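Residue-level listing of the chains:
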Amino acid sequence: MPMITFVRPDGERIAFDAGGAETVMHAAVGRQVAGILGECGGSMTCATCHVFVEPEWLDRLPPISAAEDELLDATATERRDNSRLSCQIPVSEALDGLVLELPEAQI
Amino acid sequence: MSELAKIAAGSRADVLILGAGQAGLQAALSLREEAFGGSILIVGDEPTLPYQRPPLSKGYLQGTISAESLVLRPRSLLDELRVEVLCDARATTIDRVRQELALSDGRRVGYGHLVLATGSRARLWSGPGAALDGVMYLRSMADAAALARRIGQARSAVVVGAGFIGLEFASVAAKAGLAVSVIEAADRPMARSVTPTMSELFRQWHAEAGIAMHFGARLAAIEDDAGKVTGGRLDDGRLLPADLVLMGIGGVANDDLAAQAGLAVDNGIVVDELLQTQDLAISAIGDCASHPSSFSGARIRVESVQNAIDQGRSVAARLAGRSQPYRAVPWFWSDQGSHKLQMAGLVAQTDRLVEIGSREERRLSLLAFRDGLFVGAESVNRPADNMLVRRILAKPRPLGFGEAEAAGFDLKALAAAVPA
Numbered sequence: 000m001p002m003i004t005f006v007r008p009d010g011e012r013i014a015f016d017a018g019g020a021e022t023v024m025h026a027a028v029g030r031q032v033a034g035i036l037g038e039c040g041g042s043m044t045c046a047t048c049h050v051f052v053e054p055e056w057l058d059r060l061p062p063i064s065a066a067e068d069e070l071l072d073a074t075a076t077e078r079r080d081n082s083r084l085s086c087q088i089p090v091s092e093a094l095d096g097l098v099l100e101l102p103e104a105q106i
Numbered sequence: 000m001s002e003l004a005k006i007a008a009g010s011r012a013d014v015l016i017l018g019a020g021q022a023g024l025q026a027a028l029s030l031r032e033e034a035f036g037g038s039i040l041i042v043g044d045e046p047t048l049p050y051q052r053p054p055l056s057k058g059y060l061q062g063t064i065s066a067e068s069l070v071l072r073p074r075s076l077l078d079e080l081r082v083e084v085l086c087d088a089r090a091t092t093i094d095r096v097r098q099e100l101a102l103s104d105g106r107r108v109g110y111g112h113l114v115l116a117t118g119s120r121a122r123l124w125s126g127p128g129a130a131l132d133g134v135m136y137l138r139s140m141a142d143a144a145a146l147a148r149r150i151g152q153a154r155s156a157v158v159v160g161a162g163f164i165g166l167e168f169a170s171v172a173a174k175a176g177l178a179v180s181v182i183e184a185a186d187r188p189m190a191r192s193v194t195p196t197m198s199e200l201f202r203q204w205h206a207e208a209g210i211a212m213h214f215g216a217r218l219a220a221i222e223d224d225a226g227k228v229t230g231g232r233l234d235d236g237r238l239l240p241a242d243l244v245l246m247g248i249g250g251v252a253n254d255d256l257a258a259q260a261g262l263a264v265d266n267g268i269v270v271d272e273l274l275q276t277q278d279l280a281i282s283a284i285g286d287c288a289s290h291p292s293s294f295s296g297a298r299i300r301v302e303s304v305q306n307a308i309d310q311g312r313s314v315a316a317r318l319a320g321r322s323q324p325y326r327a328v329p330w331f332w333s334d335q336g337s338h339k340l341q342m343a344g345l346v347a348q349t350d351r352l353v354e355i356g357s358r359e360e361r362r363l364s365l366l367a368f369r370d371g372l373f374v375g376a377e378s379v380n381r382p383a384d385n386m387l388v389r390r391i392l393a394k395p396r397p398l399g400f401g402e403a404e405a406a407g408f409d410l411k412a413l414a415a416a417v418p419a
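Those protein sequences? They're chains D and X, same order as listed. Everything in the first sequence is counted per numbering that gives the first Met the number 0, starting at 0 for the first residue and increasing by one. Everything in the second sequence is counted per numbering that gives the first Met the number 0, starting at 0 for the first residue and increasing by one.
By construction, these hints were calculated from the structure, which means they are not laboratory data. This list has only true hints and no planted wrong ones.
Each computed SDA-like pair below joins lysine to any residue, with the alpha-carbon atoms no more than 25 Å apart: (1) X:57 <-> X:363; (2) X:411 <-> D:102; (3) X:411 <-> D:63.
Which bits of chain X does chain D cover? Going by a derived footprint, with three or more residues having C-beta under 8 Å, they are: (4) 52-62; (5) 295-308; (6) 382-388.
In this text, all values refer to a predicted model and were calculated from it rather than measured experimentally. All C-beta atoms in this analysis are idealised placements derived from N, C-alpha and C, irrespective of residue type, glycine included.
Between the sequences and the hints, there should be enough to build the whole structure, so can you do that?
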């Protein structure tokens, strides 16, 4: 039951159980979370599933690959130190309590 | 009573979407995002909920992506959004006077508005041996599942057509250890879609990967031994041995139903820039729609995820009262071996190419200009460039060559620049 919370730019919080989804992007898209597009379906092609990770969680996520790092340089909302592509965060029990901030824009 | 039960009981759907692919699903999802409150029914002829097709010739074929993860939205979400999906259902006629769709099981479903998202099908090859065991196509999940099993048993494959599907399949098959030959009538790979420069790079890279490429070549016949494929015979007489033949000779719009209903078709269902057919109660989107393109200046039909998603969004916005011409920036990707090829804009008629990056590292982009204006780019293993190019092309004012040159072709800076 990994509960994940998305925080919209206006402060609204969307929390749900992401269990069963392959990645955080898939979980968000499966709940129609506005602000996560995932246009390429997770094939590291589009950077439309950009999120800001609450800093305390950063070290608990898998490391950023070179390709993800490059794509993060091209996000619609400028990347920050805590930027990730949510398609590169696999869902597991260990993510229970994860909080992610949504950027202003994805395209 | 569920929405579907009501619809099946002889009522109607306010918006009936024919075709349960990426475009049809997107239209339904976007309608709900637009706060459309009417009933929505998607009718599809496959057994599964709408799924993504690009991985069928990539990860799914290799076994790295499961069938479940191809499904675009779970049933629970569709239920919550009141989007009904009728699977395994085939439409037989559109009755435009009564605004009804007839299904092959005899049911009739009325519509307030009909969205045709019928997609495209593989173009069939009809020469000698076309029906032999081992002649395959790649369009649906069922096709891909059958192909994946075949790859496991085959030792050699002939691929007919050096387009995206053919080359993606060839890359997967070669990686799986098959001896692969590709037959292409044109003089270069992906000739209709990429620049000659990019074609040449991919020709080299595929040759280095051990794929035998035959350009300017035509398949005369598929040879067999007791009904099983043994190879492809070229029209110059050469025999390319194979126990598997993959036909990748293009797609054909599923526009037959529209044509039977008296709607104009011209390599796809003819729509205007609002994606309307000449019947105002019927729209067409995605692979099946022939639409005027502000990028190419001509009527085009595009088979891509981008086109499906953006046209789905566009038709939903119009039905919700926010009508605007379809002007989305086209983009596309194709994974071939370790090469991620991406395109944005339309580069076919370029008169000036600027190359950035490194061929040695196989990370480069070709920036295409025409009449002094930036029209698009092709990238290999530079995904960020593709996103930046999309953003540059979406700006209201086109980017001039001089301006791009002055910025040292720094895409990030050009994408960030505020349009004057």
